[in-house]
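Produce the complete structure using the sequences and hints provided.
Protein chains: 2
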Amino acid sequence: ILESMNGVNGPQNGQPHLDHADGQYFLTEAYKVILEEVLCKGTDVKEKVCDWHDPEELSALLDLELREGGESHHQLLQRVRDVAKYSVKTNHPRFFNQLFAGVDYHSLAGRFLTEALNTSQYTYEVAPVFVLMENVMLTKLRSMVGWPQGDGIFCPGGSVSNMYAMNVARYRAYPQVKVQGLWAVPRLAAFTSQESHYSLCKAASFLGIGLDNVFMVKVNERGCMIPEDLDEKIELARSQGAVPFLVSATSGTTIQGAFDPLDRIADICDKNKLWMHVDAAWGGSVLFSKKHKHLMKGIERADSLAWNPHKMLLAGLQCCVFLLKDNTDLLKQCHCANATYLFQQDKFYDMRMDTGDKSVQCGRKVDCLKLWLMWKAVGTEGLAERVDKVFKLARYLVREMSKREGFQLVNEPQFVNVCFWYIPPSLRGKEGNNDYQEKLSKVAPVIKERMMRKGSMMVGYQPLREKVNFFRMVIISPHISQEDMDFFLDEIERLGKDLYNAL
Amino acid sequence: ILESMNGVNGPQNGQPHLDHADGQYFLTEAYKVILEEVLCKGTDVKEKVCDWHDPEELSALLDLELREGGESHHQLLQRVRDVAKYSVKTNHPRFFNQLFAGVDYHSLAGRFLTEALNTSQYTYEVAPVFVLMENVMLTKLRSMVGWPQGDGIFCPGGSVSNMYAMNVARYRAYPQVKVQGLWAVPRLAAFTSQESHYSLCKAASFLGIGLDNVFMVKVNERGCMIPEDLDEKIELARSQGAVPFLVSATSGTTIQGAFDPLDRIADICDKNKLWMHVDAAWGGSVLFSKKHKHLMKGIERADSLAWNPHKMLLAGLQCCVFLLKDNTDLLKQCHCANATYLFQQDKFYDMRMDTGDKSVQCGRKVDCLKLWLMWKAVGTEGLAERVDKVFKLARYLVREMSKREGFQLVNEPQFVNVCFWYIPPSLRGKEGNNDYQEKLSKVAPVIKERMMRKGSMMVGYQPLREKVNFFRMVIISPHISQEDMDFFLDEIERLGKDLYNAL
Ligand SMILES: Cc1ncc(COP(=O)(O)O)c(C=O)c1O
Ligand SMILES: Cc1ncc(COP(=O)(O)O)c(C=O)c1O
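Sequence order for the protein chains is A and B. Take UniProt numbering: the final residue in the first sequence is number 503, and no numbers are missing along the way. Take UniProt numbering: the final residue in the second sequence is number 503, and no numbers are missing along the way.
You can trust all of the hints, since none of them are fake.
Since the list can't tell identical chains apart, any single copy or any two copies may satisfy a pair.
Keeping only pairs whose Cα atoms sit at most 25 angstroms apart, straight-line, the calculated DMTMM-like set for lysine to aspartate or glutamate is:
#, residue 1, residue 2
1, K442, E466
2, K347, D51
3, K442, D354
4, K218, E300
5, K32, D19
6, K454, D350
7, K48, D346
8, K392, D19
9, K332, E300
10, K41, D22
11, K430, E405
12, K140, E300
13, K41, D51
14, K41, E29
Keep in mind that the hints were calculated from the coordinates and are not lab data.
Spelled out as structure tokens, the structure:
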């Protein structure tokens, strides 16, 4: 067959690349490379997590430039191989760097199908299966929150979900804002914790509310919002002449994995008649677990929720829902523009099936199929088991850390984020020294560079207010085992134990 | 092999669905179904474009519900088949319903690879190849616009690109808006044409500017913005005490495919010191064509541009760029939040490679690879040929229409949108009748219903201000031929010729 493909690449027939059989042949060859390089090698613990090169070097290796002419079948397949080779293997058992990791093959099949079908989620007419599927999915997820009715939509990111919450809350408080803009309403104030995700701040800027009008509520030592301080901040805002309209609590903070006390926050929102949003982009998946869903006790009292199944559930980037308790069509009223070329009012089917006007997007990727197919495959029980499994592994890691010298927890974790300092032998017992914190702050970056250049694993670090750089280990993929945890600890020691001898 | 798979689906080993080989086996089986159902049958002119069912009926056919337990390998493959079967075939040669259509197999291979690699575009650390690739791509696209320097980013939709333009323009005019909100700045006014895309209005609402502050500039009979009216609207806004800050011109309007006169609009923006944005989500791809790029003459004078390669270039949903001429890092300054857990300042590589803070998203899908791989395959020339080809086909269609009775153009097209009324024999010569317009308005919806139920093709219709429902035919896919155009006209006649005899 390969021989008969030689003609594909030249423009000899005047219509290069327009033969379906040739195209499908290329696709199948590319599929084989993906299977081999990304899915087999990419999940093999004996292979590197990444094949690190500095930007200039990698540029030279890749030849990214776009030219007048096309390339041959053979060259293009090599491109596929190179892209795979030099990309980070987020499916690898030693990838702990972000709040997503690992692969689910049913989800991946759903993603391939989504790409091949290439449609947009806005009308029943072009996405009949996916409009129905999104509805079923939203209903199911809402029922897990404890909302028998409500509304929702899939968004391109938890950040966008958080923006939606802010916009809908603002619209509920002052519907005239949609038409007249913020000049027609009093200065508004939103509240979220100091350790909430930065997307709340980005949302406030983007929506024209401004960073100054996001009041940062203090957290306790574990990173959970302090309700008393929320009360105070609400008073403070009022005393400045601003009108409180939204509290965004977090279930599973980005760094520490903290869960804000939802019940107490709900009381405050009730009392002050504020929209209560919960950013559960990261933590929402605990709702699957009988054992751990208490972390989100009170969630049913919220008005809206952001939840990213692409994080803990492995649904694949991006899979993010925004859910609301409201069933008065607030989301659509807030966002609709009633474009007649998409949402004709004389359609022959039930026009309520055209859900696109709930979004501020026009074209919208289908993000529900991958989650749906995975769920059909493993069932609610299977997803629950996965959540329980990674909790257990995180507990195991914490226990093992306590047995080793040099690992110091930032906090006892509530979730699967394990935040810790690695103290190399040369620094142990030197906490009293003047330069201790400064020296400690340099440990994580050096270990990180070493692990990247070696390609042995990937984990993130960051400072947090007065705390100097510490590692944030996160356990997400159910493919991970206790051996991977042991390796993790060994490897941190291997990479860091000479520090400050060498530096 | 199938036999040995029987054990995959039960939780007998305590870790269902966690075997890579089993998962890859499922994926490969699913790949075969996708190839067969979506790519072979789905592009076969003898098959239906859609297998229409009303929502209740389709719900019943699909069994979408999510349950406690998982399903078997066999059942899941049937799910894949069913989703494919009942979905609209947007790759089909008779799909003309949206501003995307057709399939490019190199792009699709890029999309599969993107999904398998599952990473986020924010840092060089997790997306080394894609950070470099996005840069190359943005530079190349900017050079086609005529900007040797500048900035840009891939966005989840042209609507988001338009929002970015509005936000950056606002920030340039009043940087304090990011921190203090709109209350700290005067009422702002944006300008766009009556036939611009509704996303400009959605953007104004979302960003807190409000619909009332979007001034709708009149268009001429072909749908192009009238510069004199722009001048007047700017005066009008000023007379109301608002401060003009942005003009959004359109290159390729959604319905009529009109191109606003960019040079004249640029003169007005220069004179008034306004940010000039061009929404070329749909029309931007004419820049590939030596013959047709004159439609965007003056584009290099704009400040920013939205361009969706997923539309005319077949890159696949979503592939949308926002480009700016600015090279002072305005985009990043406007959107950044400097989150330390992602954008550490003590990284061991050049931190300018971490481009994520230019976005209001956090996680961001990789949307550049599919376009890059397709471009490598066909070259700039190949993409240019495709653009020229669909222009020719649109001209052919217009010529053929003029030879038939009953097809009345709304306007001589500038682009590949061919807008027309079909006048059934019973209405011909009755233009003078009182009920003519009302009757004509019902023709397109009936024909549409009939074609959907038959599954023979898909094309959209809409009213436009005083004009009653007309069809908008768009030619996008280079797989389309003159025969498809002939079929289109024949089919409209077949479906509509009895109208008002039957009604
Ligand atoms: C708590 C929290 N909220 C929101 C987000 C943003 O989600 P996304 O990256 O999908 O925009 C994140 C991302 O990590 C997060 O941790
Ligand atoms: C002119 C124009 N601008 C913007 C958009 C919005 O693009 P998207 O659907 O990617 O948000 C469209 C969509 O059709 C369009 O036609």
